[in-house]
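> Now for the letters of each chain:
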Amino acid sequence: MGSVADLSQLVNTLTGGTGASEQIWFYQDNRIGAAAGATPVVGQFTSLWTFNMMPGGQGAAPGSTARNPTRTTPGALGQSDPTGGRQKYIAGAVSTATTSGVQIWYDRLADISGLNATTITAQNTTGLAVSRYTGAASAGNQIWIEIFTIIGTTATTISATYTNQAGTSGRVTPLVVFGGTNRREATRIIVMPLAAGDTGVRSVESVTVTATTGTAGNFGVVIARPLVNIPIGLGGTGTLIDCLSSMPAFPEVQTGACLSQIWFASTTTSPITVGSFSMVEA
Amino acid sequence: MTQLRPIYFRKISNNSGAGLTSSWIILANAGAIPTSAAACTNTTVGALNFEDSVGQNSFDYRIVRTSYNVSASGMMIIVADRLSHTGGLSGTVNTTQTTNLPTAALTRYTSGEGVFIALEIYTAIGTTATTATCSYTNQAGTAGQTTKARIIGSTSANASGSFLICPLQDGDTGVRSVESVTLAASTVSAAGAFGVTLFKPLQMSHPTIAGLEGYGTNNYNSIVGGGSQMEPILPNSCLFVLMTGLVSTPAINGVINFMDAT
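Residue numbers (our numbering), protein chains in the order written: chain V, 1 to 282; chain G, 1 to 262.
In short, the hints are calculated from the structure, not lab data. Warning: the hint list may mix true and false statements.
[To be verified] Residues from chain G that keep clear of chain V, each with C-beta distances beyond 12 Å, as calculated:
hint	residue
1	I25
2	N29
3	A30
4	I33
5	V93
6	G114
7	Q139
8	A149
9	Q169
10	A190
11	I223
12	N236
13	T262
[Unchecked claim] DEER-style ranges, computed between Cβ atoms:
hint	chain 1	residue 1	chain 2	residue 2	range
14	G	V188	V	N124	48 to 58 Å
15	V	T134	G	Q56	26 to 36 Å
16	G	G141	V	V176	42 to 52 Å
17	V	A35	G	S111	25 to 35 Å
18	G	A30	V	A35	31 to 41 Å
19	V	A35	G	A140	37 to 47 Å
20	V	Q9	G	S111	25 to 35 Å
21	V	T149	G	A140	26 to 36 Å
22	V	D6	G	G141	54 to 64 Å
23	V	G180	G	A140	39 to 49 Å
24	V	S80	G	A38	29 to 39 Å
25	G	T123	V	T154	51 to 61 Å
26	G	D52	V	T134	49 to 59 Å
[Stated by the list, open to error] Covered by chain V, per the in silico footprint, the following chain G stretches (three or more residues, Cβ under 8 Å):
hint	stretch
27	41 to 51
28	74 to 82
29	156 to 168
30	224 to 231
Glycine is no exception: its CB is placed at the ideal position from the N, C-alpha and C atoms.
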């Protein structure tokens with residue numbers, strides 16, 4: 001376990017002393033491949049996984065075999081791994097966007113797609129388990145539904161069966177709205193609340209759609225670990241996140257972390273985001 | 001830590017905002033519109049650190065504080081190292097353009113890792129939106145890579161000063177050179193003039209309140225409150241600033257403070 005001992009060590013590391021530092025800049029365009037980006041919905045989460053980004057490129061639907069994305073998976077920010085037995089932390093971040101909303105940067109721990117929004121029996125998500133933030137450290141992991149191809153217009157509900165942070169299997173999330181206007185479009189993220197008393201997730205075993213939405217579409221499940229929120233109060237402005245004097249306090253970037261962002265929209269304009277992360281090893 | 005060095009500057013933009021705006025050809029201390037491919041250094045007119053010790057070989061400067069007095073609220077300011085630039089491209093040509101390309105070889109960040117491509121508009125091009133792609137050599141030396149198509153020519157991406165970043169091909173993390181630029185269609189109403197700029201962002205902060213400059217207001221310390229942005233200023237760096245925002249023709253009075261970490 002490494003730690004930043006004090007302010008002097010932080011300055012020393014940032015200016016080329018013991019340890020290592022990395023400032024990685026990103027530009028995420030408001031386009032998906034050659035097409036315009038999906039229109040966000042106010043008050044809903046939009047996945048920017050498939051948007052064009054530099055560095056990292058464009059993510060894609062993972063397919064029907066569960067996987068553990070890493071920093072080299074297309075769509076990931078692609079920071080370097082910590083070296084010398086050290087750990088890596090976000091010391092600060094800054095970003096702007098062309099419209100207002102909140103960037104939520106997260107570590108994409110596990111994902112799967114190819115699920116059907118007209119199937120009303122349990123759909124297994126075999127192998128969807130974390131390889132980072134494992135065991136008790138899974139407290140803080142979340143379950144997200146991610147829509148890759150538009151599903152039906154009929155609003156229904158969905159639940160997930162999962163193993164919680166304590167290793168207890170068979171846990172079931174409360175139902176959330178799935179399908180229908182604003183809960184069906186490609187890039188939509190639907191955050192699943194956990195069962196009462198649970199604080200995290202080790203794996204997801206299945207999802208169940210209560211009634212058909214009318215269109216199969218293509219949706220998936222992500223186990224995600226939110227790390228940093230960057231609010232953008234007004235398009236063209238931005239926010240500095242200082243992990244020394246403010247929050248969050250030095251979130252760890254684990255070896256192989258697949259960093260990406262979702263967008264909590266306050267306008268219907270697809271955002272362009274530009275910013276950077278300052279990371280240190282200790 | 002042996003030396004602190006401030007650089008003062010003033011820029012008055014002629015752009016109406018919406019997206020990134022380059023300060024390069026903006027007064028005061030305006031740079032010239034490039035007429036050929038050129039690598040930029042601290043001796044290039046327009047560099048914020050022109051004729052200054054920041055960027056000289058014998059120092060290891062880091063940005064430790066920025067402070068800005070702006071004419072209007074709602075901006076972000078990025079300090080960047082301008083590595084290589086060209087000009088002379090047209091907004092009405094929809095075939096592959098190679099005028100003044102390839103870009104001059106990088107003299108800093110020579111691997112290309114972390115280097116960005118931008119299309120920098122010097123004279124307004126047309127207002128019809130189309131897309132642009134660049135053919136480039138990536139950080140591994142692989143030629144023939146193609147950027148993702150990005151919007152150019154709409155009302156938010158056609159004015160002088162517009163600075164249009166081009167996302168790289170999947171898997172690429174930087175750029176060594178750009179060989180050509182292709183517009184999918186003409187921007188119609190004006191050929192204008194634009195070029196390719198290769199740059200490395202260094203620091204970003206946000207003056208949020210107009211007409212003020214003081215501790216806690218539009219004033220950022222790299223360690224406490226500033227997000228630990230302490231990238232090294234490489235020898236011969238050509239520093240310039242980019243602005244974002246929805247502010248019409250912003251004016252900035254700024255000071256960037258550097259610390260020598262040798």
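> State for each hint whether it applies.
Hint check:
1. Distance check on I25 of chain G: its Cβ is at least 21 Å (rounded) from any Cβ of chain V, clearing the 12 Å threshold; non-interface status holds.
2. Every CB of chain V lies more than 12 Å from the CB of N29 of chain G, the least distance being 24 Å, so the non-interface label holds.
3. Every Cβ of chain V is farther than 12 Å from the Cβ of A30 of chain G; the closest lies at roughly 23 Å, confirming the non-interface assignment.
4. No beta-carbon of chain V comes within 12 Å of the beta-carbon of I33 of chain G; the shortest separation is about 24 Å.
5. Consistency note on V93 of chain G: stated as away from chain V, and its beta-carbon is indeed over 12 Å from all of that chain's, at 20 Å minimum.
6. The non-interface label for G114 of chain G is inconsistent with chain V: the shortest C-beta to C-beta separation is roughly 7 Å, within 12 Å.
7. Its beta-carbon lying about 9 Å from the closest one in chain V, Q139 of chain G breaks the requirement of being farther than 12 Å from that chain.
8. Distance to chain V contradicts A149 of chain G as a non-interface residue, since its nearest Cβ pair spans about 5 Å, not more than 12 Å.
9. Consistency note on Q169 of chain G: stated as away from chain V, yet its beta-carbon is not over 12 Å from all of that chain's, at 7 Å minimum.
10. The beta carbon of A190 of chain G is kept farther than 12 Å from every beta carbon of chain V, the shortest such distance being approximately 24 Å.
11. Non-interface status of I223 of chain G relative to chain V is broken: a Cβ of that chain comes within 12 Å, the nearest being about 6 Å off.
12. Here N236 of chain G stays apart from chain V, with its beta-carbon at least about 18 Å from theirs, past the 12 Å limit.
13. With a least beta-carbon separation of about 10 Å from chain V, T262 of chain G fails to lie farther than 12 Å from that chain, contradicting its non-interface assignment.
14. In this structure the hint that V188 of chain G and N124 of chain V lie 48 to 58 Å apart at CB holds, the actual value being about 54 Å.
15. Look at T134 of chain V against Q56 of chain G: about 50 Å separates their beta carbons, and that is not inside 26 to 36 Å.
16. For the pair G141 of chain G and V176 of chain V, the supplied restraint of 42 to 52 Å holds, since their beta-carbon distance comes to about 49 Å.
17. A C-beta distance of roughly 32 Å is found between A35 of chain V and S111 of chain G, which places it inside the suggested range of 25 to 35 Å.
18. Between A30 of chain G and A35 of chain V the beta carbon distance is about 38 Å. The supplied range of 31 to 41 Å therefore holds.
19. For the pair A35 of chain V and A140 of chain G, the supplied restraint of 37 to 47 Å is violated, since their beta-carbon distance comes to about 28 Å.
20. At roughly 28 Å, the beta-carbon separation of Q9 of chain V and S111 of chain G lies within the given 25 to 35 Å, and the hint holds.
21. Range check, T149 of chain V to A140 of chain G: about 33 Å between beta-carbon atoms, so the 26 to 36 Å window is met.
22. For D6 of chain V and G141 of chain G, the hinted distance range of 54 to 64 Å is not satisfied, since their beta carbons lie about 42 Å from each other.
23. G180 of chain V and A140 of chain G have their C-beta atoms about 46 Å apart, which keeps the hinted 39 to 49 Å range intact.
24. Take S80 of chain V and A38 of chain G: their Cβ atoms lie about 31 Å apart, and the range 29 to 39 Å holds.
25. The hint said 51 to 61 Å for the Cβ distance between T123 of chain G and T154 of chain V, and at roughly 53 Å that hint holds.
26. About 51 Å separates the C-beta atoms of D52 of chain G and T134 of chain V, a value consistent with the hinted range of 49 to 59 Å.
27. Given as covered by chain V, the stretch 41 to 51 of chain G fails the check, having 0 residues with a CB less than 8 Å from a CB of that chain where 3 are the minimum.
28. Under the rule that three or more residues need a Cβ within less than 8 Å of chain V, the assignment of the stretch 74 to 82 of chain G holds, with 4 such residues.
29. For the stretch 156 to 168 of chain G, the proposed coverage by chain V is satisfied: 4 residues have a C-beta within less than 8 Å of a C-beta in that chain, meeting the threshold of three.
30. Counting residues of the stretch 224 to 231 of chain G whose CB falls under 8 Å from any CB of chain V gives 8; the rule of at least 3 is met.
Violated hints, listed in ascending order, are 6, 7, 8, 9, 11, 13, 15, 19, 22 and 27; each of the other numbered hints is respected by the structure.
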